[in-house]
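Asks: Knowing the structure of chain A, use the given hints to seat chains B, C and D on it.
Protein chains: 4
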Amino acid sequence: MQCLIAWPDCPKPGRKLHQKDFLLSTRSMASKTPVGFVGLGNMGSPMAKNLLKNGYPVIATDVFPESCKELQDIGAQVVDTPGEVAEKADRILTMLPSSPNVIEVYTGPNGILKKVKKGTLLIDSSTIDPAVSREMAAAAEKMGAVFMDAPVSGGVGAASLAKLTFMVGGVEEEYNAAQELLTCMGANVVYCGPVGTGQAAKICNNMLLAIGMIGTAETMNLGIRLGLDPKLLAKILNMSSGRCWSSDTYNPAPGVMEGVPSANNYQGGFGTTLMAKDLGLAQNTATNTKTPIPLGSLAHQIFRVMCSRGYANKDFSSVFQFLREEEGQ
Amino acid sequence: MQCLIAWPDCPKPGRKLHQKDFLLSTRSMASKTPVGFVGLGNMGSPMAKNLLKNGYPVIATDVFPESCKELQDIGAQVVDTPGEVAEKADRILTMLPSSPNVIEVYTGPNGILKKVKKGTLLIDSSTIDPAVSREMAAAAEKMGAVFMDAPVSGGVGAASLAKLTFMVGGVEEEYNAAQELLTCMGANVVYCGPVGTGQAAKICNNMLLAIGMIGTAETMNLGIRLGLDPKLLAKILNMSSGRCWSSDTYNPAPGVMEGVPSANNYQGGFGTTLMAKDLGLAQNTATNTKTPIPLGSLAHQIFRVMCSRGYANKDFSSVFQFLREEEGQ
Amino acid sequence: MQCLIAWPDCPKPGRKLHQKDFLLSTRSMASKTPVGFVGLGNMGSPMAKNLLKNGYPVIATDVFPESCKELQDIGAQVVDTPGEVAEKADRILTMLPSSPNVIEVYTGPNGILKKVKKGTLLIDSSTIDPAVSREMAAAAEKMGAVFMDAPVSGGVGAASLAKLTFMVGGVEEEYNAAQELLTCMGANVVYCGPVGTGQAAKICNNMLLAIGMIGTAETMNLGIRLGLDPKLLAKILNMSSGRCWSSDTYNPAPGVMEGVPSANNYQGGFGTTLMAKDLGLAQNTATNTKTPIPLGSLAHQIFRVMCSRGYANKDFSSVFQFLREEEGQ
Amino acid sequence: MQCLIAWPDCPKPGRKLHQKDFLLSTRSMASKTPVGFVGLGNMGSPMAKNLLKNGYPVIATDVFPESCKELQDIGAQVVDTPGEVAEKADRILTMLPSSPNVIEVYTGPNGILKKVKKGTLLIDSSTIDPAVSREMAAAAEKMGAVFMDAPVSGGVGAASLAKLTFMVGGVEEEYNAAQELLTCMGANVVYCGPVGTGQAAKICNNMLLAIGMIGTAETMNLGIRLGLDPKLLAKILNMSSGRCWSSDTYNPAPGVMEGVPSANNYQGGFGTTLMAKDLGLAQNTATNTKTPIPLGSLAHQIFRVMCSRGYANKDFSSVFQFLREEEGQ
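Protein chains in written order, with our numbering: chain A, 1 to 329; chain B, 1 to 329; chain C, 1 to 329; chain D, 1 to 329.
Since the hints were derived computationally from the structure, they do not count as laboratory data.
As the structure is a computational prediction, the values presented were derived from the model and not from experiment.
Do not rely on the hints blindly, as some may be mistaken.
It does not matter which identical chain is meant; a pair holds if it fits inside one copy or across any two.
[Unchecked claim] 20 Å max Cα-Cα, derived SDA-like pairs, lysine to any residue:
1. Lys235 / Pro254
2. Lys277 / Gly255
3. Lys142 / Gly108
4. Lys290 / Thr273
5. Lys290 / Ile224
6. Lys290 / Pro97
7. Lys277 / Ile74
8. Lys235 / Asn188
9. Lys290 / Asn110
10. Lys290 / Arg324
11. Lys290 / Arg225
12. Lys290 / Pro65
13. Lys231 / Pro194
14. Lys88 / Arg225
15. Lys32 / Asn42
16. Lys231 / Val189
17. Lys290 / Gln321
18. Lys115 / Lys231
19. Lys231 / Gly193
20. Lys277 / Ala131
21. Lys114 / Asp90
22. Lys115 / Glu87
23. Lys290 / Glu325
24. Lys235 / Val190
25. Lys115 / Val79
26. Lys290 / Asp129
27. Lys53 / Lys118
28. Lys142 / Glu104
29. Lys235 / Glu141
This is chain A alone, in the form it adopts within the complex:
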């Protein structure tokens, strides 16, 4: 089953792309109008490359000149500000680290909305608070533009291979236009509802993932201490009602599965810091909508403590190790 989260053993992105890879596609550029791209980080850069590869002229910008240079070398036109991108393109993607960046890029003094043309399609793939997505959509609407949120699941590898999953929120009539671009960069594009629901879907999935992972870690640890063989316990859970993605696909107890972070000292995978960030969004969103999330909230606290106790850069399944009594104690 296709899984929306970064998968550590997915095929490597392969050799570095060179300009010649884009020869064929640039030939067909004449028939495609340019696409703007703001935010050329670890995720944005391979996403923009996949647009180029699919024959779209790309007008790009980023605060780091090196990121721009790399994309320029393979055919993108680089400009100085998000506002200039908006002058030259009527379809724009943004991929930014967090809410304040999104607010700046859209509504700041050199922002997209200062120069946006009527009818422009704006797609934000950042993972942010859905309330900010809705604010941006309202601001865009005032300028006659359309804003959609389209956060992704899948890590850098999936971005390079155009295997991302996009969860899209926004006006349904514009979904087809968005889908045309997103399918160049992803394997799954799911329409979720009005603006903000793409973010909501991602936040919800990752919260339940976090709960399932800690729950599986606790359960595997308890079972082992009660004398059960870890592989047998996993097998029993997976044929029973305890089954979940963390038990059957990404088991956190070393020795149960191969090709997962727990088989590799919790290297790679989905870092505890990133999970803590997503749970922070879930927490804020729940607080602001007055929704009780007792387990989600405790999961957030646990990953937050782990970040302070040396697990920040390990895969989030290292919670198994965090909870486990050390050998010899």
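Replies: Frame of chain A; chains B, C and D shown alone:
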């Protein structure tokens, strides 16, 4: 996939059994030695009937005379005490509500171990603390008998239909002998390891189930409040890393699935009280082995509060309702 | 010991104030420059009255005309917008329900900062996110004005009696000027540090209060179920290391103390909704500063669930009742 | 205020006691009947010495011969088994590590109850599950003896100085007889109610203490990260409703108070392991009485994780350090 937990829409146990149902089997009784059965409650009674149906002479006892009478009417021999059962049978099953009952039935003044014959096979299907199972095994060993724990998954319906799942802990050499009897009463028999590991497996599964259920309820509720359609959200979770048994097989949000308790005002299914009892065992076991179970422990507290707030007899998926703001507030 | 939280049995605010009450003070008005006041709700209205009573001319505004009318009747000058207040007064207090209101009143199109005079002292007594206080302070500084946060402890009764406690954050040099006004409305004024620390102090205190209250409720309930007399248990805790404000001053178990909400079916006091709001601020603040607050976070979730289960308007010590098994179960 | 918990800076127990210290008291022994003492560990040994010092002949036993030797040297009569103690004394104190030891010493093959004389007063100062205390009381009653539970607060220092606090449960008519002995070893003796309530009081106090300590640690950490000075924050809390023993007497943030473990790298004081043990008793007791303790339960899990993460032997206030992000991260 076969699921170990009581399933509310499973086929009804069918018509009441009468003596003639057992004619064929009683004819073959000559070739089978008697099996003892202590504890003829909601679960024990249909289990004992399935032994009779399979041709085993049954020597039974229970503290409630009515329960004995019913079994006597269809061919069982009824005696007064567990000790007497032990005098007449060298394979004995016990199915009792909780640890103190098990201790009494085995080691009490009229208990099995007062009269047990050397070599007797004792199988306890009660759900209790694995530490008590180990104590009983040690006490049995002193008398030259063999004790195994074999708690079940599946409710009264599964017991009647001989569709239970048994998780068996005990000496491996005796497993075949136990399996012969247990397959008369269940569809799955899983060997888990030394004495107590059957209990451990059941406790572990139900703890992870409880965590997954509350997590799913929180997630569905949060998503709905963020504007997602419940069916769509469930679909997204189930194709993603948030997937778990509670999201894809027993979804707690009304309107997402049919044939589950959430579609029927949380009637039937697996009661909150029973889940709270199993989580109490998980909690005690974890405390006594010094194992941290932060989410398991919080899940326990949540179901415990629910028992006090009017959800005791509803299906445990009613945690969705418990967490949800009431209409009109 | 003076306590910062609303105290249910504090002396009633007494008879309604009439214009003659202000005769003496208005006579001395000539020597005092006007003070602006924005937000004449349950708390703001008695606070503004105390300024009048102390001889300060008050320039007031509120979105509800009735609130303005009442204050006008006793001598305040009413204007239409926060901006107009800022034109007429160089010391302004604001008392608003939440962050968005504060942002609107300060930075909105008719906001204070649109018309503020250089050197104006702005004091915000709303309880909001300290990050918003810092934003307002930065925006005020650009206009040459000074912003301080000064949230209060104490309810409507304390506001009427000028017995509030103010926790003040802001530039230390301006503290004396702020203190002069705040002492007209409160019994304690505590300087906490730079802008935002007043909010921080209030949030911290209320988070620890919430934890102590739930902890006391759990402890009293457990002790009672273990056979202890509630009064005796409270006495033992209060002479021991379990002692806290919730055990010795505001005990949540009925029958232990008089004059507290638990003695009056949890009427009056500090509502569960308000506590949930303050814990939401603590939660957001902790999330945004990446600070783990496991118990604070769980306390938040518990009060949030209580709001949905019918305890919204009861005193927050009703958590004792929420956790308790009902009679007859 | 006298505090029931071990206090790290209490006066040292002073010079080692020698036989001559007991000369005066032994002279008066003729008029006092012997007292039995079982369990001469870190706590039991100084307690037994205080009985000797007060002129009571002591009949003692312990599984470790060295412990017996030390007491023998200063005048106690040493015997081999608890049963022999019961033959020679009609007032017996026991001070043992945990429930299984208590069960063995009272009901084992060489146990007290095998030889106890009618009318003997049995006082158990171990900290154990109150249900075990009740079982022992019932077993004693069958033999015509009286059992009381009298767990202590205060550590080894308080035991040496006869400054312990005893929380006593048992038949009220026997309380005076118990008090006569206990006042030789403690400064406070509190009657709590029927058998088991002494344990209940201790468990309840320590649970609330644990909650208050973690809550204080979270609050101090959050406040510091929000820019508050730790000493000022403590002062504000202590004059407000956040006040508790952990904030005003044993503050966990370094630099706030002197003479507490937080001022000494969390050395000394009350170890995390011991707190986790007491919370385990609270947890088991709550589970067995079906009492929800959400915060108590989470506090238990946090101290349990700390034990596995290197905090086992630090004072329990080191939870402040556990939750805090390390410098430089």
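Asks: Are the CA atoms of Lys231 and Gly193 at most 20 Å apart within a copy, between copies, both, or neither?
Replies: Classified as between; 12 Å across copies, 41 Å inside a copy.
Asks: How would you classify Lys114 and Asp90 at a CA-CA limit of 20 Å: within, between, both, or neither?
Replies: within (14 Å within a copy, 35 Å between copies)
Asks: I want to check one pair: Lys231 and Pro194. Are their C-alpha atoms no more than 20 Å apart within a copy, between two copies, both, or neither?
Replies: Result: close only across copies, 15 Å inter versus 43 Å intra.
Asks: Could you figure out if Lys142 and Gly108 sit no more than 20 Å apart (CA to CA) within one copy, between two copies, both or neither?
Replies: both (15 Å within a copy, 17 Å between copies)
Asks: When no copy is named, should Lys235 and Val190 be tagged within, between, both, or neither for a Cα gap of at most 20 Å?
Replies: Answer is between; shortest inter-copy Cα gap is 10 Å, intra-copy 32 Å.
Asks: Reference check for the pair Lys290 and Asn110, CA-CA at most 20 Å: within, between, both, or neither?
Replies: Close neither inside one copy (35 Å) nor across copies (30 Å); limit 20 Å.
Asks: Reference check for the pair Lys290 and Arg225, CA-CA at most 20 Å: within, between, both, or neither?
Replies: between (38 Å within a copy, 9 Å between copies)
Asks: Given a CA cutoff of 20 Å, do Lys290 and Thr273 count as a within-copy pair, a between-copy pair, both, or neither?
Replies: Cα proximity of Lys290 and Thr273: across copies only (10 Å, versus 25 Å in one copy).
Asks: How would you classify Lys290 and Arg324 at a CA-CA limit of 20 Å: within, between, both, or neither?
Replies: between (34 Å within a copy, 10 Å between copies)
Asks: When no copy is named, should Lys277 and Ala131 be tagged within, between, both, or neither for a Cα gap of at most 20 Å?
Replies: both (16 Å within a copy, 18 Å between copies)
Asks: Check Lys290 against Asp129 for me: Cα-Cα at most 20 Å, and say if that holds within a copy, between copies, both or neither.
Replies: both (15 Å within a copy, 16 Å between copies)
Asks: Checking an output row: Lys32 and Asn42, CA cutoff 20 Å. Within, between, both or neither?
Replies: So Lys32 and Asn42 fail the 20 Å test inside a copy (26 Å) and across (61 Å) alike.
Hints 2, 7, 9, 12, 14, 15, 18, 27, 29, counting from the list given before, are not met by this structure.
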